[in-house]
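Trainee: Each chain is listed here by its residues.
Number of protein chains: 2
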Amino acid sequence: MPRVKPRRETVSIAQLAKHLGLSEGTVSRALNNYPDIAKKTIARVRKAADELGYRPSTTARRLARGVVETIGFVLPARHGHQIDPFLAEILDGLATELALSDWDLLVAAVPEGHDEVEVMDRLIRSGKVGGFVVARSRRNDPRVDFLRKSQIPFVVQGRTAKYDDYAWLDIDNEKAFIDAMNHLVGLGHRKIAYLGGDPDLNYAWQRREGFVSAAKAHGCDMPSGYVFDGISDEMAARHAVTELLKHPDRPTALLCVTDAVAIGAIHALAHAGIKVGDEISVIGFDGLPMGEAIHPGLTTMSQASYQIGREVGRIVVAQANAPASPFSQILWEASLTIRGSANPPAQKSVTNAKGGIS
Amino acid sequence: MPRVKPRRETVSIAQLAKHLGLSEGTVSRALNNYPDIAKKTIARVRKAADELGYRPSTTARRLARGVVETIGFVLPARHGHQIDPFLAEILDGLATELALSDWDLLVAAVPEGHDEVEVMDRLIRSGKVGGFVVARSRRNDPRVDFLRKSQIPFVVQGRTAKYDDYAWLDIDNEKAFIDAMNHLVGLGHRKIAYLGGDPDLNYAWQRREGFVSAAKAHGCDMPSGYVFDGISDEMAARHAVTELLKHPDRPTALLCVTDAVAIGAIHALAHAGIKVGDEISVIGFDGLPMGEAIHPGLTTMSQASYQIGREVGRIVVAQANAPASPFSQILWEASLTIRGSANPPAQKSVTNAKGGIS
DNA sequence: CCTGTTACCGAAAGCGATTTCGGAAAACAG
DNA sequence: CTGTTTTCCGAAATCGCTTTCGGTAACAGG
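Protein chains in written order, with the numbering used here: chain E, 1 to 358; chain B, 1 to 358.
It is possible that some hints are incorrect.
[Said to hold, decoys possible] Result set (DSS-like, lysine-lysine): computed pairs, CA atoms no more than 25 Å apart in a straight line: (1) E/K39 to E/K18; (2) B/K40 to E/K275; (3) B/K162 to B/K149; (4) B/K128 to B/K162; (5) E/K175 to E/K162; (6) E/K47 to B/K128.
[Unchecked claim] Between beta-carbon pairs, the in silico distance windows are: (7) E/A318 to B/P111: 16 to 26 Å; (8) E/Y163 to B/L52: 23 to 33 Å; (9) E/R78 to B/D249: 43 to 53 Å; (10) E/A38 to B/E24: 35 to 45 Å; (11) B/T10 to E/N140: 54 to 64 Å; (12) E/A318 to B/T10: 23 to 33 Å; (13) B/Q329 to E/D172: 24 to 34 Å.
It is worth saying that the hints were derived from the structure and are not from the lab.
Glycine residues also receive a C-beta, built at the ideal position from the N, C-alpha and C atoms.
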């Protein structure tokens, strides 16, 4: 299926060269600051290039240089879920940072019936990208496994459980949830339930670890039925809360793996006529703007997702420019944002009820 | 600044040709289904290509063909705001649709101090994209003005006020808000206030038109101070609601330009101790999942943003493949999603108070 | 058996840059 | 004024693929 060739009417280096009475090679070297071109000539070429609106064809340049200054980002396959705000923010930051280095951002979706690694492999083989950013890492992540042996620069937002021979930027999720627990315990809570996410996702695992270790450290009651896993959206959160409200030893606080889950939980609690922030405290994680808009405001551990996107972009470009340099591995902290959803427990409930089975 | 040439270790057509004992040209034509290649040969080439994992370099292919199968999407400059969920959904749908046609999606941000048109211009001149999708159109949109005379295929999500000689896909915002008003009036409301967005954004303008015309048609009270403009986020919505609550003739319902605004309004109302869905009804627009998670659930006009993204992708690719064909101009309808935030007005308030100045 | 088609494939010329290599002109030294 | 460096630029090869243009071999018809 041969196609037509709709040649763009843009200026080529040949035209620019003819216009200047120079050879293409000279023009090219002038624009790329080669030392063997007279400064006067460089200036002349620059000026003409500006006037004619010349921009080198990135296609031709890529072919000649053999370098692709484009970062790939594969959107997680949507299994009914919608793309979450956290990813959107990362993308925004990433695009912004890449623009500053004159790199491009290629966003790819995973078609039905394919998987992420397949998509990445095709992007690499067809020479469309020169690096990757991987978001929302899993404990055991095939994407990272693949990229590790692919010779291509990449940065992971998050970490995996096993290997550590690659660049990543992660939030200290464990510490964040320990902090959150400290806050709750400091407020007087001892009966704290946990709405966790898919433990395959490393952040969910890490947060759970933080919760569990802090609960132990503080000697919190941990009756069975206090810890949920696999809560990934608002609806799941509502169901979990419904369960929880039937619990003989009702918790006074709820720690949630994400803001979305926390908001779902708050909704469910409000629906059940329970006053959030009063009868039950809730803490989330993310720092979504929405957390400020709901009632009561959501107390949460905030992470600067836009900044994460930017930093990740910076790292991947740096790595592409200096392949031999050691991997950046950066750990950032989340910060506690206090709003109305977490307060001291209601007085009547401050009894050390006999805990159930852990 | 000459760079190194880190040649990828991928298979080239030359290697494949040598491996097969054929010429490069023949291999190329075989893979592109030229009619003058024996079917047997095509099959043989196909097989070998699969086995060797050959993928043609898109860079070389682009250079040779002079066609760039990439759609550009410029993220709106973030003036403190965060990227909204609606855009994220569109992106997701767009990427998915493009993947099916084997097109790529290039997402660009606007660096500080530049504007969107500049960014688009550079993307075109440097040959990085072969088409554009423009989202969130303004009534008077420089991006559309620019693209109209740029000879490059593009699709606008939304419309502009003036020209109509380009492809677009829009929601019938005016009708949607008339429908919303009909719903409110049907419930018994007559005193309805409006929290509108930036009227430069065409959807905000259209929705406002819908509100105003329906209000007139139904003979609703329209005292001054009932219509707000420029409400773009939750905080602005809160301030507007604060104003509104001081109004001598308090409205019984609130129509909001977006879900985000509606959620901000609900928050403000709840904060003021007013029961949403009871004392005051609220309706939004978008159909964000969050609207289902808040309490009470948000009654809203839903639009299928993911589908919009897909359709827009389909259109732009179609247009790129058949440049001469007429512009697709598609109008979709939003659908009313009823939840708890809009109900008949409280009985005591159902008095036809004397309206203020319109 | 000879000629006219058809069916297939090879050769070669781009596409628009980059980069190496070498040579002419200019600058410097003696 | 000649010989040697520098400076600066042109020529040409390349990157990997597409596509046009012939040309050979096979096949048909007479």
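Trainee: Determine for every hint whether it applies to the structure shown.
Mentor: These are the hints, each one checked on the structure:
1. E/K39 to E/K18: 19 Å, holds
2. B/K40 to E/K275: Since the Cα atoms of B/K40 and E/K275 sit roughly 74 Å apart, the hinted pair is violated (cutoff 25 Å).
3. B/K162 to B/K149: 15 Å, holds
4. B/K128 to B/K162: Violated: B/K128 and B/K162 sit about 29 Å apart, past 25 Å.
5. E/K175 to E/K162: 20 Å, holds
6. E/K47 to B/K128: 23 Å, holds
7. E/A318 to B/P111: 16 to 26 Å: Cβ of E/A318 to Cβ of B/P111: about 18 Å, so the range 16 to 26 Å holds.
8. E/Y163 to B/L52: 23 to 33 Å: Holds: the Cβ-Cβ distance is about 29 Å, inside 23 to 33 Å.
9. E/R78 to B/D249: 43 to 53 Å: 46 Å, holds
10. E/A38 to B/E24: 35 to 45 Å: 40 Å, holds
11. B/T10 to E/N140: 54 to 64 Å: Given about 27 Å between the Cβ atoms, the range is violated.
12. E/A318 to B/T10: 23 to 33 Å: With a Cβ separation near 24 Å, E/A318 and B/T10 satisfy 23 to 33 Å, so the hint holds.
13. B/Q329 to E/D172: 24 to 34 Å: This hint is violated: roughly 51 Å between Cβ atoms.
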